[in-house]
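Protein chains: 2
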Amino acid sequence: MARTIEEVRRAVGAARREGRVVGLVPTLGALHAGHFSLIERAREECGLVVVSIFVNPTQFGPDEDFERYPRPFEKDVAGCEGHGVDAVFAPEAAEMYPEGFCTEVQVKGLGSVLEGEFRPAHFAGVCTVVLKLLQIVQPEVAYFGEKDYQQLVILEQMVRDLNVPVRIVGCATVREQDGMALSSRNAYLSAEERARGLAIAHGLRAAEAAWKSGERRAETLCALVRQELQGAELEIDYVAAAEPETLKPVEGACGKCVLLVAGRAGRTRLLDNVILSPEV
Amino acid sequence: MARTIEEVRRAVGAARREGRVVGLVPTLGALHAGHFSLIERAREECGLVVVSIFVNPTQFGPDEDFERYPRPFEKDVAGCEGHGVDAVFAPEAAEMYPEGFCTEVQVKGLGSVLEGEFRPAHFAGVCTVVLKLLQIVQPEVAYFGEKDYQQLVILEQMVRDLNVPVRIVGCATVREQDGMALSSRNAYLSAEERARGLAIAHGLRAAEAAWKSGERRAETLCALVRQELQGAELEIDYVAAAEPETLKPVEGACGKCVLLVAGRAGRTRLLDNVILSPEV
Numbered sequence: 001m002a003r004t005i006e007e008v009r010r011a012v013g014a015a016r017r018e019g020r021v022v023g024l025v026p027t028l029g030a031l032h033a034g035h036f037s038l039i040e041r042a043r044e045e046c047g048l049v050v051v052s053i054f055v056n057p058t059q060f061g062p063d064e065d066f067e068r069y070p071r072p073f074e075k076d077v078a079g080c081e082g083h084g085v086d087a088v089f090a091p092e093a094a095e096m097y098p099e100g101f102c103t104e105v106q107v108k109g110l111g112s113v114l115e116g117e118f119r120p121a122h123f124a125g126v127c128t129v130v131l132k133l134l135q136i137v138q139p140e141v142a143y144f145g146e147k148d149y150q151q152l153v154i155l156e157q158m159v160r161d162l163n164v165p166v167r168i169v170g171c172a173t174v175r176e177q178d179g180m181a182l183s184s185r186n187a188y189l190s191a192e193e194r195a196r197g198l199a200i201a202h203g204l205r206a207a208e209a210a211w212k213s214g215e216r217r218a219e220t221l222c223a224l225v226r227q228e229l230q231g232a233e234l235e236i237d238y239v240a241a242a243e244p245e246t247l248k249p250v251e252g253a254c255g256k257c258v259l260l261v262a263g264r265a266g267r268t269r270l271l272d273n274v275i276l277s278p279e280v
Numbered sequence: 001m002a003r004t005i006e007e008v009r010r011a012v013g014a015a016r017r018e019g020r021v022v023g024l025v026p027t028l029g030a031l032h033a034g035h036f037s038l039i040e041r042a043r044e045e046c047g048l049v050v051v052s053i054f055v056n057p058t059q060f061g062p063d064e065d066f067e068r069y070p071r072p073f074e075k076d077v078a079g080c081e082g083h084g085v086d087a088v089f090a091p092e093a094a095e096m097y098p099e100g101f102c103t104e105v106q107v108k109g110l111g112s113v114l115e116g117e118f119r120p121a122h123f124a125g126v127c128t129v130v131l132k133l134l135q136i137v138q139p140e141v142a143y144f145g146e147k148d149y150q151q152l153v154i155l156e157q158m159v160r161d162l163n164v165p166v167r168i169v170g171c172a173t174v175r176e177q178d179g180m181a182l183s184s185r186n187a188y189l190s191a192e193e194r195a196r197g198l199a200i201a202h203g204l205r206a207a208e209a210a211w212k213s214g215e216r217r218a219e220t221l222c223a224l225v226r227q228e229l230q231g232a233e234l235e236i237d238y239v240a241a242a243e244p245e246t247l248k249p250v251e252g253a254c255g256k257c258v259l260l261v262a263g264r265a266g267r268t269r270l271l272d273n274v275i276l277s278p279e280v
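Order-wise, the sequence lines are chains A and B. All the letters of the first sequence, read from the start, carry residue numbers 1 to 280 under the numbering used here. All the letters of the second sequence, read from the start, carry residue numbers 1 to 280 under the numbering used here.
Chain A on its own, in the form it takes in the complex (with noise of 0.2 Å):
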């Protein structure tokens, strides 16, 4: 396991030079079964798995979960190594941001809708980190989840932008057998507040079967979901209804869409998503 940069380059670089390709998975931590996934087809492209653990201090609000996030680092280890992973890194956050530490990187416009409204420094946080550890393991490829849709958009987008050599891959959401959406923050949910928060994936799955069926108005598949949402009395904090790459608004008919949620049940906040294609 390395703790340092100097560490997690030496063990890369040494990959590298043997001409293994190098993949990355960044988590914050609290390993589930979508992580695995991640992890899994990492493994299927890469010569080299790495997986970063580090719950990144400047992506969460000042009064978010910062403090609470869930850290269960020797099962986290332990599961990266079940999982046949090669390289953990686990740096601290002084290591990241080191003293005089200043340097920001925003994708504007989408980084301030959606998400970005309800958690304004969010998407910098994570494009900032995100970067550094790009730079720091030069992978050819890494792997997020299609669960933070939007944040698997903003990251492309940043990618492309600056020209930074690897391959984002988004990997599809892993849900319990009821439909719920995997995500480290479901442990926060009591019993009820699960009951409730199963509602996004309901109302998700409902706007798909309409969708099945032929309805193509965005704003009859937002009713859906949010007829679901109000129904279990979550709090919502959007549905909206986006084009897949640019997450710009969808009016009326679509011929593809990405659906978006976020809600809240109790302190907790779930996002969920239902991409929907000719294909789908």
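To be clear, the hints were calculated from the coordinates, so they are not data collected in a lab. What you were told as hints is all true, and nothing was included just to trick you.
Note: identical chains are not told apart, hence a pair may lie in one copy or across any two.
Calculated lysine to any residue pairs in the SDA-like style (CA-CA distance at most 25 Å, straight line):
(1) 108 <-> 94
(2) 256 <-> 213
(3) 248 <-> 94
(4) 108 <-> 118
(5) 108 <-> 64
(6) 256 <-> 169
(7) 75 <-> 93
(8) 108 <-> 61
(9) 108 <-> 120
(10) 248 <-> 98
(11) 256 <-> 101
Given the structure of chain A, go ahead and fit chain B onto it with the hints provided.
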């Protein structure tokens, strides 16, 4: 000569596979002896020297000289050939900023003082384009002139903060016989403006002489510079004493500092600086 990112990457990739160390000299073109001194330094240290020529629109303000910035392109390319440059990268703006481009890199604090007060978006433009060039070319070393001292400090900070695997090398300012710092913008000056602009170099030289005689008070050193500028009726944007690494203002006696000057002769802004240390 490479016009596209793909072309320059191909040229660099081939050299890298041969084990050659890659050096990058980013420029806006209008090359003069200052640029050529960077190129010569790169030639001494690297096996492949890439010069980029790109008048980057995003680092110019709306009322600045982007349109009239000199673009003696054929002459620049010939100069590069004459100085043994291996590859010139001269992209069009659309190659660097395709439609939808929206990412910005900022070095906060450092980018908003001194030049940043007079050119608010300047350093974000510089940082973003330099980071792009570093990702495109992936040089081991990149060369910048000390003439744009604040830019050099900011780029060093950016590269350190983002863990970009490159060494930034700052090279001494090249001057005319009479002391005038070389700058592509000197081409804008009438003979009369140039004569007045020379007061900046004279003022810095006077401050350096005082330093050598034992003067250590920042205020006194700045006053000596200011006096020369006022004598020449130059418009002063700032005369400042700062810590060389952090650009924090220096007051009172100091063991080491950089004196930074920006003045205007007619419509032309002129920058210069001198580093004062025990070794001077």
